[in-house]
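K.L.:
Given the coordinates of chain W, assemble chain P onto it according to the supplied hints.
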Amino acid sequence: MIKLIVDEREIEVEEGKTLLRACLESGVYIPNLCFLEEMKNPPASCRLCFVEVEGENKPAVSCKVEPREGMVVRTDTAAVRQLQRTALRLLLSAHRVDCRNCPSHKKCELQRMARFLGVRLKSGQLEYLERDISSCFAHPFITYEPLRCVLCGRCVFTCREKNGYSLLTFAGRGFDTVVSFIGERDPARHSCNNCRACVESCPVSAIFMKGSGIRGQGSGVSIPFPEVIWRTALSFFPILF
Amino acid sequence: MNNKKLEECFASLVEKAKKCFLNSRKTDVPYIYIGMATCGLAAGAVETKAAFAEALAERHIEAHIVPVGCLGHCYAEPLVLIDNPGFPPIYYHNVNPGKAGALVRAFLEEGDPLFEYVLGASVENELIPTVIAFPRFNMERRIVMEECGLIDPEDINEYITKGGYSTLFKALGLEPGEVIRQVLASGLRGRGGAGFPTGKKWKFARNASGQEKTVICNADEGDPGAYMDRTIIESNPHQLLEGIALCAYAVGAKKAVVYVRAEYPLAVKTMTTAISQARQVGLLGKEILGTDFNLEVSLFQGSGAFVCGEETALIQSIEGKRGMPQYRPPYPVQVGLWGQPTVINNVKTLSFLPAILKHGGRWYREIGAPDSPGTAVFSVVGKVVHPGLVEVPMGTSLRTLIFDICGGVPEKKKFKAVQIGGPSGGCLPNDFLDTPIDFDSLTQAGAMMGSGGMVVLDEGNCMVDVARYFLDFTQKESCGKCTFCRIGTRHLLGILERLTKGEGKEGDMELLEALSREIKEGSLCGLGKTAPNPVLTSLKYFRDEYEAHLREKRCPAMVCRALTAFYIDLDRCARGCDACVGSCPVEAIFTTKGQKKGIDQSLCVKCGECMASCPREYDAVRKVSPPELAPKIERPPEAKKHDQTDS
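Line by line, the protein sequences give chains W and P.
Count along the first sequence starting at 1, add 24, and that's the number in the numbering used here.
Count along the second sequence starting at 1, add 253, and that's the number in the numbering used here.
Some clues are possibly wrong.
Claimed, not checked - When the alpha-carbon atoms are kept at most 27 Å apart in a straight line, the in silico DSSO-like pairs for lysine-lysine are as follows:
1) K453(P) - K88(W)
2) K456(P) - K665(P)
3) K453(P) - K82(W)
4) K758(P) - K146(W)
5) K456(P) - K508(P)
6) K574(P) - K88(W)
7) K806(P) - K758(P)
8) K574(P) - K186(W)
9) K729(P) - K146(W)
10) K539(P) - K522(P)
11) K88(W) - K456(P)
12) K507(P) - K423(P)
Derived from the structure by calculation, the hints contain no laboratory data.
Pulled out of the complex, with its shape left as it was, chain W reads as follows:
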């Protein structure tokens, strides 16, 4: 066990765990999106889990910090909060905030972080960035809402963990990056009909089961549902329908 001091509190952590995990397990919340406990090599892409480690001159992402004996960490300095707030504001400026019609309402990571960091969901300073994205997500059971997606990559990772390869991938560049589906489109031959791993891993319900009773979803949903798919899906997910 390694002992370190986080926000003036001593915590213990097993060797091999990252600082972020150590903090979360000891009840010190650090905002994060792209991190999952199973990850050996977190992507460090959401840029939220910043902390300040004593002796280092600038904030570092805690998912990549290896705890050292006697390390002194602060999770709530002004510099850290500033970066976290900006990152969250940036994410919110590209996220269609429509909480009442979202399945993640009240269990959404963005809402949680906004409350924690004192950031308004509809921020004033940064304008909402309109996007004209056509999702290339032709999946028989699952729908993807790019305007909701925060591109944390949890779904891509989870899918790979479950299958050994990922049926999901990032596509596009820059601001137009989306998650895309590269697997079998024929539902009868589909390998992922029983797996909801990506849906469950999504922190903001950008990936959800088709026809899961959510109103007002944009792209992808309007594809007519052939009867065959209905039946197949119904047999697997009777609760949902």
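P.N.:
Relative to chain W, chain P alone:
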């Protein structure tokens, strides 16, 4: 014993190469060397070459046409060097097919060197002034580019005959550790942009544990306006290949990959040829020169993403994954391609090696600035008289480079700024012209060395628009992985766009500044960390321009279309002249009561065609910013009626 075998192997190789090379070249016929790198081709070198061949055949003159790479003088392309027995070798600039025919007729047949087309002779002589007297030649110091444009890039025998691969031979007789010591002593810093000491990187790689170490040559050059790596590969690929072999030997790698952009088809072709030639003569492959050093070099074509120039993204790309940068550490020298230690060096860095190991590390250290030894290769483009590739010792001032070597700003316009380091670099104004060119001074000034792209801007460039241009580039090329870069740069672009349209809001400049700083601090990789540099430096040094855009809705350089207007000065406009009418693509120009011309502002698209077509003696078209300054000239109603009756 081993060394003796090595010596024998190399001696026989050199002998064979010399024989091949000299057999292919007769001594008593004229030689025509044509610059046929991408810049030459774009300027029409293929046509020029065909014209030479045709003219020679027509007149039954025996002469050799040798396609060579680029000499760096891109303003003079197609550049031709004619070595006619009895004359000094002479450079001819801008040789179009017509000039080519004339040169064959007059020079090769009749012995008149056509002085009006001459750029200069390459050696001292009594007939023609030499190019060595030109600042472009005598103020440069060429190490990497020494042979560029002078040797045939597709002939390994010529390279070997001129002393090529002798450094590899020398190094193979040394311990790998000694090679690294020489590179450390030279103080060579990576030329990809960051300036990390090359020797140190190699030492880490040498000491890293891993069976399958790899050397990667990064030729994924993507900065707008930068083409040093392309030209070096196209002009002297064997020098690079020798550098790669030296690096591989030093770090203990058996594999090397040259990562070239697919958008560089000629560089890909030249490099592929070079690799296969080197393999044929036994300079690559198994048991090189009779030693136990094995090296396989392959070429990998990038898929067109700027971010793949970032080393971790580059590795992902070779592994067949989406080119997204990874968090460092671990650095590639620890965990790189396929999880093995990997050294990634830029084309220029590797191309320096043959010279460094030939003359010794100390020789190199004495060139240039103390903390940035050696020379720097820049592609100077934009508003300069003599654009092209320039190699100068580190520590040369920007003023010397831009004004003395490249001839300064054309058309008597005023210099405004120089953009160094591409989209990751910054814009430095007049006051910084005396900054020495080296890694640390440029970074301190807010720009960066980058890989060597340099864009010179004059008073006709709007700094807000320049910043917008670069942000548009980085924003599109962001891989989309991390929040700050993906969304932050988009916000920066949005703000800059509305400034150039005159729709800026109070607080925009502060927002730009704050957001830029946070993107720099929060981003995952080098692309995001440097993307706001053009914004930050232009805000710092050209704040007045931003303020003019924001508060006065005025573009001082009169570039931003929404903030400018054209009008016709009625005092200068000539009665009855119709020059501008036909040039206007949207029929915005009408005839006034006094038979002069006016512009209908509601139709004008601000293309500037009327300004260009107005005869010089009248010079009546004016451009103003903000657009409200344009005097209102009403379209006379009878003209409209006239139109209607016509139709």
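K.L.:
Could you tell me which of the numbered hints above are not met by this structure, giving the numbers in increasing order?
P.N.:
2
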